[in-house]
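Those sequence lines, one after another, are chains B and S. Read in order, the letters of the first sequence are residues 4 to 236 in our numbering. Read in order, the letters of the second sequence are residues 107 to 300 in our numbering.
Worth flagging that the hints you see were computed from the coordinates, not collected in a lab. No residue lacks a Cβ here, since even glycine has one placed at the ideal position from N, Cα and C. Careful: at least some of the hints might be erroneous.
[What the hints assert, rightly or not] Selected chain S positions facing chain B (in silico; Cβ < 8 angstroms):
| # | residue |
| --- | --- |
| 1 | Q195 |
| 2 | Q196 |
| 3 | I272 |
| 4 | K279 |
| 5 | A282 |
| 6 | G283 |
| 7 | T285 |
| 8 | L293 |
[As the list claims (entries may be wrong)] Cut-off 25 angstroms, straight-line C-alpha distance, at most; resulting in silico cross-link-like pairs (DSS-like, lysine-lysine):
| # | chain 1 | residue 1 | chain 2 | residue 2 |
| --- | --- | --- | --- | --- |
| 9 | B | K134 | B | K184 |
| 10 | S | K270 | B | K184 |
| 11 | B | K134 | S | K247 |
| 12 | B | K18 | B | K134 |
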Amino acid sequence: MNTSSTRRPMSPAMKMAELLDTDFSLLGVATRLGLHFGFGEATVAEVCQKAGIDPETFLLICRVYAFDGYRPTQEALSAANLKDILQYLHQSHAYYTEVVVPEMAAALECLIGPCEEKQQRIIRKFFADYKEELSKHFAYEEGQVFPYVEAVLNKQNSAPFTIGEYEENHSNVEEKLEDLKNLVMKYIPAPCNQQDAYKVLFYIYTLEYDLGKHTFIEDDILVPMVGRMENHE
Amino acid sequence: MSKRILIVVPSAIAAKGLEQVFNDLGEFEVCAILRDLSGQELRSMAPDVVILDPNIFDYASRSSVKARVAEYSDAAVIAFTISPLDEEQQRQYDAVIGLMDTPPAIIKKVRAALEDRTEAPRAEGEELSQREKEILICVAKGMLNKEIADLYNISIYTVITHRKNITRKTGIKTVAGLTVYALLNNLIDMNSVE
């Protein structure tokens, strides 16, 4: 990691390659917004404009990832582009369900290989339940919340739903993941392979970390932005 | 024995008011009112509760107040604030008291902070007790709190306390997770969960 650049404030005039080098979790942000590697010397603004993404919105998401405890200012929220936020959240869902969870499942399957058959069965069931809960949560957002936000964005009338309800409904999918973490970390039977355990834990932490940022973007960026648009109507 | 409270609040009026709230009860004893806080004083007074105004710290160190107190004392740390704290600052305190809180509300917050503190130290690295294992097995089998209470002839409240302790010790919160735990530790066999 390039330490000299870590202290420089993120700005649209910065080189994209340099920005991503400050924190490797930003690689995921860029990918999900459809920014393609091979940036050359292009700046953040140039790369974003080419991909049709608002540079300030991209930087807003980057700050959420790079700085723990970051809180966007009111100005940053008013300047952000809701459509880009929405695309980001949508692509994150796809990344979780299509990449992280299947890889975690495969690693878990290797891990429990040496376990007794009845233990395998119960662990598989636990993981399947978790997966289902996660999909349900995403499906609710994709099916109810995001279309509503799009309707607000296009100034269409929509179902009687306000973004406040979403906040209340925002169910907690973190508990089971944390349980799985503790089960592997503390209670996995001795014959299991250490490298496999490491892999499973790695995916759990990756997902946990990313979901934390994801939830923050939903609760502290999406919800207030849409709330403000509702009030302006 | 009454709980010792150390008040570190620069405003004399506010400090006096707080002292009044505690002195009327007998449950608490205000051991000192200070305008500023030093580690030495903190250590020698050994309070159970420190109520402090975050403004006595400069802005940069305001998010590490709890850690600084913990160096010298295991007291519960409560913030007394005139203006609301941001979330990150707030999270480090065991409770936050505001200028507009009524005396009963203040007492309630202090009691809760003390309870949390007494529960915390014995939390780490303990094996489950025999009774906790029995209750865990019931939970894993899908029994309701009421059914478990009836089975062992204990109150639902006691069942809930056991369940809290089980979760605290194992780090596992959900029933599904506890079922896996019970099975991996051979507390139950597969047949009893299917």
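Results for each hint:
no., hint, verdict
1, Q195, "violated, 10 angstroms"
2, Q196, "violated, 12 angstroms"
3, I272, "violated, 12 angstroms"
4, K279, "holds, 5 angstroms"
5, A282, "holds, 5 angstroms"
6, G283, "holds, 3 angstroms"
7, T285, "holds, 7 angstroms"
8, L293, "violated, 11 angstroms"
9, B:K134 / B:K184, "holds, 14 angstroms"
10, S:K270 / B:K184, "holds, 19 angstroms"
11, B:K134 / S:K247, "holds, 22 angstroms"
12, B:K18 / B:K134, "violated, 38 angstroms"
Hint check: violations occur at hints 1, 2, 3, 8 and 12; the rest are consistent with the structure.
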